[in-house]
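*Asks:* For reference, the chains in residue letters:
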Amino acid sequence: MEMVIALAIGVLFGSGIWLILRPRTFQVIMGFMLMSYAVNLFIFIMGRLWINRPPLTLGPGAPDPVAYADPLPQALVLTAIVIGFATTALYLVLMIGARGITGTDHVDGEEPEQ
Amino acid sequence: MLLLLIALPFIGSAIAGMMPVNARNGEAWLAGCVTLAGLLVTFFLYTTVEAGSVLRYEAPWLPAYGVNFVLRIDGLSWLFTALILGIGLLVVLYARYYMSAADPVPRFFSFLLAFMGSMLGVVLSGNLIQLVLFWEMTSLTSFLLIGYWQHRIDARRGARMAFIITASGGLCLLAGILLLGHITGSYDLDVVLARGDIVRTHPWYFPTLLLIALGALTKSAQFPFHFWLPHAMAAPTPVSAYLHSATMVKAGIFLLMRLWPVLSGTSEWMWLIGGAGICTLLIGAFAAIFQHDLKGLLAYSTISHLGLITVLLGIGTPLSIVAAIFHTLNHATFKASLFMAAGIIDHETGTRDMRVLGGLRRALPVTGSLAIVATASMAGVPLLNGFLSKEMFFAETALIGGDEEWWMSIAAVAASMFSVTYSLRFISVFFGKLPTDLPKKPHEPPHWMRFPIELLVLLCLIVGIAPTLSVAPLLHNAVFAVLGEQTPLYSLAIWHGFNLPLFLSILALAGGIALFAILRRTYGVAGRERVPLLHRLSGAQIFESSLLRLSQAASRMLRAIGTQRLQTQLLWLMLALIGAPLFMVGSLPAWPPLSTPSSVDPLFALMWLIGCACAIAAAWQAKYHRLAALILVGGTGLVTSLTFLWLSAPDLALTQLMVETVTTVLLLLGLRWLPPRERSLTVPRRVWFRRSRDLFIVAAGGTGMAALSYAALVLPAPSSLGDFFLMRALSEGGGSNVVNVLLVDFRGFDTLGEITVIAIVALTVYALLRRFRPAPESIAIPAQQTSDIDPAVRQPPSEQAESGHLMIPVVYLRLLLPFMGIIAAYFFLRGHNLPGGGFVAALIFSVAIICQYMLAGTSWIESHLRMRPHRWLSYGLLIACGTGLGAWFFGYPFLTSHTLHLSLPLLGDLHVPSALAFDVGVFAVVVGSTMLILMALAHQSIRSHRVPSAVSHNPSHMPTREIV
Numbered sequence: 000m001e002m003v004i005a006l007a008i009g010v011l012f013g014s015g016i017w018l019i020l021r022p023r024t025f026q027v028i029m030g031f032m033l034m035s036y037a038v039n040l041f042i043f044i045m046g047r048l049w050i051n052r053p054p055l056t057l058g059p060g061a062p063d064p065v066a067y068a069d070p071l072p073q074a075l076v077l078t079a080i081v082i083g084f085a086t087t088a089l090y091l092v093l094m095i096g097a098r099g100i101t102g103t104d105h106v107d108g109e110e111p112e113q
Numbered sequence: 000m001l002l003l004l005i006a007l008p009f010i011g012s013a014i015a016g017m018m019p020v021n022a023r024n025g026e027a028w029l030a031g032c033v034t035l036a037g038l039l040v041t042f043f044l045y046t047t048v049e050a051g052s053v054l055r056y057e058a059p060w061l062p063a064y065g066v067n068f069v070l071r072i073d074g075l076s077w078l079f080t081a082l083i084l085g086i087g088l089l090v091v092l093y094a095r096y097y098m099s100a101a102d103p104v105p106r107f108f109s110f111l112l113a114f115m116g117s118m119l120g121v122v123l124s125g126n127l128i129q130l131v132l133f134w135e136m137t138s139l140t141s142f143l144l145i146g147y148w149q150h151r152i153d154a155r156r157g158a159r160m161a162f163i164i165t166a167s168g169g170l171c172l173l174a175g176i177l178l179l180g181h182i183t184g185s186y187d188l189d190v191v192l193a194r195g196d197i198v199r200t201h202p203w204y205f206p207t208l209l210l211i212a213l214g215a216l217t218k219s220a221q222f223p224f225h226f227w228l229p230h231a232m233a234a235p236t237p238v239s240a241y242l243h244s245a246t247m248v249k250a251g252i253f254l255l256m257r258l259w260p261v262l263s264g265t266s267e268w269m270w271l272i273g274g275a276g277i278c279t280l281l282i283g284a285f286a287a288i289f290q291h292d293l294k295g296l297l298a299y300s301t302i303s304h305l306g307l308i309t310v311l312l313g314i315g316t317p318l319s320i321v322a323a324i325f326h327t328l329n330h331a332t333f334k335a336s337l338f339m340a341a342g343i344i345d346h347e348t349g350t351r352d353m354r355v356l357g358g359l360r361r362a363l364p365v366t367g368s369l370a371i372v373a374t375a376s377m378a379g380v381p382l383l384n385g386f387l388s389k390e391m392f393f394a395e396t397a398l399i400g401g402d403e404e405w406w407m408s409i410a411a412v413a414a415s416m417f418s419v420t421y422s423l424r425f426i427s428v429f430f431g432k433l434p435t436d437l438p439k440k441p442h443e444p445p446h447w448m449r450f451p452i453e454l455l456v457l458l459c460l461i462v463g464i465a466p467t468l469s470v471a472p473l474l475h476n477a478v479f480a481v482l483g484e485q486t487p488l489y490s491l492a493i494w495h496g497f498n499l500p501l502f503l504s505i506l507a508l509a510g511g512i513a514l515f516a517i518l519r520r521t522y523g524v525a526g527r528e529r530v531p532l533l534h535r536l537s538g539a540q541i542f543e544s545s546l547l548r549l550s551q552a553a554s555r556m557l558r559a560i561g562t563q564r565l566q567t568q569l570l571w572l573m574l575a576l577i578g579a580p581l582f583m584v585g586s587l588p589a590w591p592p593l594s595t596p597s598s599v600d601p602l603f604a605l606m607w608l609i610g611c612a613c614a615i616a617a618a619w620q621a622k623y624h625r626l627a628a629l630i631l632v633g634g635t636g637l638v639t640s641l642t643f644l645w646l647s648a649p650d651l652a653l654t655q656l657m658v659e660t661v662t663t664v665l666l667l668l669g670l671r672w673l674p675p676r677e678r679s680l681t682v683p684r685r686v687w688f689r690r691s692r693d694l695f696i697v698a699a700g701g702t703g704m705a706a707l708s709y710a711a712l713v714l715p716a717p718s719s720l721g722d723f724f725l726m727r728a729l730s731e732g733g734g735s736n737v738v739n740v741l742l743v744d745f746r747g748f749d750t751l752g753e754i755t756v757i758a759i760v761a762l763t764v765y766a767l768l769r770r771f772r773p774a775p776e777s778i779a780i781p782a783q784q785t786s787d788i789d790p791a792v793r794q795p796p797s798e799q800a801e802s803g804h805l806m807i808p809v810v811y812l813r814l815l816l817p818f819m820g821i822i823a824a825y826f827f828l829r830g831h832n833l834p835g836g837g838f839v840a841a842l843i844f845s846v847a848i849i850c851q852y853m854l855a856g857t858s859w860i861e862s863h864l865r866m867r868p869h870r871w872l873s874y875g876l877l878i879a880c881g882t883g884l885g886a887w888f889f890g891y892p893f894l895t896s897h898t899l900h901l902s903l904p905l906l907g908d909l910h911v912p913s914a915l916a917f918d919v920g921v922f923a924v925v926v927g928s929t930m931l932i933l934m935a936l937a938h939q940s941i942r943s944h945r946v947p948s949a950v951s952h953n954p955s956h957m958p959t960r961e962i963v
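For the protein sequence lines, the chains are A and B, in the order given.
So for the first sequence, numbering that gives the first Met the number 0 puts the first residue at 0; every next one is plus one.
So for the second sequence, numbering that gives the first Met the number 0 puts the first residue at 0; every next one is plus one.
Chain A extracted, bound-state conformation (with noise of 0.2 Å):
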């Protein structure tokens, strides 16, 4: 399991610098939507793997934290994904919106000179 997730996290980032690396704006937005899968998973799994042992507190008597997995990476993860989409609806904005002023969907703005 740890060797799928690890490599899984490095595909998805790799992916993503190369999109980001391109010129064109939609495939910077791609690039960033798959960089941040990669580090929502990664922040995710520092708090290990656990299977079947989503952090609900139903049992009676004090829980026994060895018992559930880590809700704080859980948490943070779980903001991160909102905030991602607020910032992926930006960057839409601004990149449909600089693609209306400056007629080009280049990064800089600008066709590069041939």
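Certain hints may be false.
What the hints assert, rightly or not - Straight-line Cα separation of at most 20 Å, EDC-like style, residue types lysine to aspartate or glutamate; simulated pairs:
{"#": "1", "chain 1": "B", "residue 1": "Lys622", "chain 2": "A", "residue 2": "Glu112"}
{"#": "2", "chain 1": "B", "residue 1": "Lys432", "chain 2": "B", "residue 2": "Asp345"}
{"#": "3", "chain 1": "B", "residue 1": "Lys622", "chain 2": "B", "residue 2": "Glu677"}
{"#": "4", "chain 1": "B", "residue 1": "Lys439", "chain 2": "B", "residue 2": "Asp345"}
{"#": "5", "chain 1": "B", "residue 1": "Lys622", "chain 2": "A", "residue 2": "Asp63"}
{"#": "6", "chain 1": "B", "residue 1": "Lys439", "chain 2": "B", "residue 2": "Glu347"}
{"#": "7", "chain 1": "B", "residue 1": "Lys439", "chain 2": "B", "residue 2": "Asp352"}
{"#": "8", "chain 1": "B", "residue 1": "Lys622", "chain 2": "B", "residue 2": "Glu776"}
{"#": "9", "chain 1": "B", "residue 1": "Lys622", "chain 2": "A", "residue 2": "Glu110"}
{"#": "10", "chain 1": "B", "residue 1": "Lys432", "chain 2": "B", "residue 2": "Asp292"}
{"#": "11", "chain 1": "B", "residue 1": "Lys622", "chain 2": "A", "residue 2": "Glu109"}
{"#": "12", "chain 1": "B", "residue 1": "Lys439", "chain 2": "B", "residue 2": "Asp292"}
To be verified - If you want the footprint, here are the derived chain B segments under chain A, 3+ residues with CB under 8 Å:
{"#": "13", "region": "442-455"}
{"#": "14", "region": "563-569"}
{"#": "15", "region": "614-623"}
{"#": "16", "region": "730-740"}
These aren't lab readings, by the way, just hints derived from the structure by calculation.
Cβ atoms here follow ideal geometry from the backbone N, Cα and C, with glycine treated the same way.
Please build the complex by placing chain B on the supplied structure of chain A, with the hints as guidance.
*Replies:* Just chain B now, with coordinates in the frame of chain A:
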């Protein structure tokens, strides 16, 4: 009392700044009253000072650093305070008549009073840090005053030059003061003054002295920093009269006097201060002879007289201190009156050029005689105050040089000779024939404009004729404050008998007259444009060119190593991301025993095989197939969501799923405004190079990230803060879903900040889209919607939904809306104990609304269902903040939560935590933001955009139709 003295000018400045533009009299009265009040306070304090005692006021300022706000007044500060306020009062009176009705006077008087306050702050500070603070304030306010006539380029330049020189001197001073404070262990002036011996023997003495001297010499316009002063003459004359006679330039002198007991008495002091002084004295006096502008002459003369005072301070005998303080006082009186006289001449004739002016004795008889007396004092003619201090100067130079070293006396006599010559040049404007081609016909100014000069000249005469009766006690107080027990015996008598100083005085007078005659007859001084010998030594030129070089170098550097290209910036960012950790590899601790990896679930591996394939394919396709790339990225998002579910994070899984949905809809709405892209047939070699380089970076970054993740996973987990939350979520937070309790309770403040950010982003998106102008080729209806293959092409969306081919899905979805609402409410309510909560519920609710929009079209929905996202936003934030503030009413810190236990007849026992109300706020904000963003974007398609006139378009594309 002392606090009042400092505070009054600043309060006056604030009031003056707010008065109407044309309130010339009101402004003058205000400034006059403030100054007069200050002067009365000063006189009131005289009795304390006379006894040789020091009055202190102390208030804590930065107690942790041992820095207090201290005001203290002793003989020296009293003398300067009286000078600042006395001359200030006269300048205010003079300025009332000098400033023209067209000038914005509130600004003038506001700056003037602020400057006066800063200057008082400098002389009354009992703490060195505080002194530097006020010192910089004088630089700033003098900058504003010199640049008062902002429309003139010379005023702006002069102000900038003065500011750069004096403010950078001030920074040196700050460094010097910090060193001094380090050496003595205190910034309190009294403590520092008592520890002179420690300072002078300390190894850091020379740097300290050098830095403080740089501060003082720049402020007092000493060589080699003297060049800013003539350029500062672009200021209105009252400002020049104030800044360059009694205040600004005297601040440097004051500082040297103040710190004289601490720093002086070494050969470094003598060479540094005395050397700068001698150079300034000679250069200033020599250059003054060849000026053609009245104010320019006075400026160079000021430089030279300041040099004289600096030399006296540099000589450093107790008697020379007496002479320095005395000359400071004398110079302030005669120079202020001369500046005002120059201002009157300028005001009455319209020019200050001495080559044009002449014979003004007849046109301005009273002003002329007053100016002649003041000039005589400047030249050191007996029976005037200038003579007395100049005699002392000669005595000191002769004393210090002894019998063999004559050069100092020679320099002193030469400078005095020059001073006589330029004084003669100044008064020559009153003699000769009155020219007829003056810009204005001169006549005497209003009496009150002349009054300050009359008073000052009277003072010159009184001090000059009866020094012991008038100025002696004040001088004694000031000298005593500096020297203490070392105060020497001195006599201020006019007649000391035939001795060396008298001989030197006569020599200087005679020499000066002779020089003037020679220059006039054989050299023709009026025709010379440049100062002989010295014109190459132009500090201003060096200053300007170094400024220019500095900005050139900066822009060159920016061009060389800066970039505005996003790709380059991101490239370096990524390289740093990959490279920076490599530097830390060496210092890693030894690896602890690793935990064994758990066995791989084949289904999980397959899932990620798909996820990775989606990501790579998206990276591959994002350029030419945007829709495909978007779908592929969504696939990766779904796999991520499933992973969260698999790995015990149901809340994350739900949130990710909903965000994924909303984001995809959002991007779909945006795709329409991007340009079409055709695959280019040939790819240049350069692009291939860039791609392979990026591939290399991708490989390095991806491998690094994977290795890091793997290492983190197999290392044993450190004890986490999470345990704390797990233990207390139910007992203290009243909920068993720890993640939700964390969000709305333990870390509620973070969440409040977060929803605020979301609200701001939503409003920003809305604002940006209000001014959105699409590119011309994107305005038309997309080809897909105009194609005849689509059976619904002739119907608008609302018609399609009402009676067209979308009728059945629409009916279903309308039916589904309440159910989706109930599901959202269900997820919301159970969120505290089971997966769910405000974020998830809000996203579910938003998806429900978006579905309606997608099928029925924007205009139909909005005519039937009024969404007001702005209100959702604001009410949400209000509820969230209100919940937090509610805790205050019960005396708890912000956002403390409380659980209410209710037992209702039908529902049984209920636990209602206050965090639930907070969650309602979160819910409303997230719904509001999501709707606001999506609706703003959707409205772009139904807005009829103004089409740029240059673009001709096919009429069949109009009218613009809705597509959502």
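*Asks:* Look at each hint and say if it fits the structure.
*Replies:* Cross-check of the supplied hints:
1. Pair hint lysine 622 of chain B plus glutamate 112 of chain A holds up; C-alpha atoms about 19 Å apart against a cutoff of 20 Å.
2. With a C-alpha separation of about 18 Å, the suggested pair lysine 432 of chain B and aspartate 345 of chain B falls inside the 20 Å cut-off, and the hint holds.
3. For the proposed pair lysine 622 of chain B and glutamate 677 of chain B, the alpha carbon gap of about 10 Å is at most 20 Å, so the pair holds.
4. This hinted pair checks out: lysine 439 of chain B and aspartate 345 of chain B have alpha carbons roughly 10 Å apart, not beyond 20 Å.
5. For the hint pairing lysine 622 of chain B with aspartate 63 of chain A, the CA-to-CA distance comes to about 51 Å; that exceeds 20 Å, so the pair is violated.
6. Between lysine 439 of chain B and glutamate 347 of chain B the alpha-carbon distance is near 7 Å, which keeps this suggested pair within the 20 Å criterion.
7. With a CA separation close to 13 Å, the supplied pair lysine 439 of chain B and aspartate 352 of chain B stays within the 20 Å bound.
8. In summary, the hint linking lysine 622 of chain B to glutamate 776 of chain B is supported, as the alpha carbons are separated by about 19 Å, within the 20 Å threshold.
9. Straight-line distance between C-alpha atoms of lysine 622 of chain B and glutamate 110 of chain A comes to about 15 Å, which keeps the hinted pair within the 20 Å bound.
10. Annotation: proposed proximity of lysine 432 of chain B to aspartate 292 of chain B holds, straight-line Cα distance about 19 Å (limit 20 Å).
11. Taken as a hint, the lysine 622 of chain B and glutamate 109 of chain A pair is honoured in the structure, with Cα atoms around 17 Å apart against an allowance of 20 Å.
12. The suggested pairing of lysine 439 of chain B with aspartate 292 of chain B holds, with an alpha-carbon distance near 17 Å, which does not exceed 20 Å.
13. Only when three residues or more bring their CB closer than 8 Å to a CB of chain A does the claim for the region 442-455 of chain B stand; here the count is 0, and the claim is violated.
14. With a cut-off of 8 Å between beta carbons, the region 563-569 of chain B has 5 residues touching chain A; three or more are needed, and the interface restraint holds.
15. Only when three residues or more bring their CB closer than 8 Å to a CB of chain A does the claim for the region 614-623 of chain B stand; here the count is 6, and the claim holds.
16. Only when three residues or more bring their CB closer than 8 Å to a CB of chain A does the claim for the region 730-740 of chain B stand; here the count is 5, and the claim holds.
Going through the hint list in order, the structure does not satisfy hints 5 and 13.
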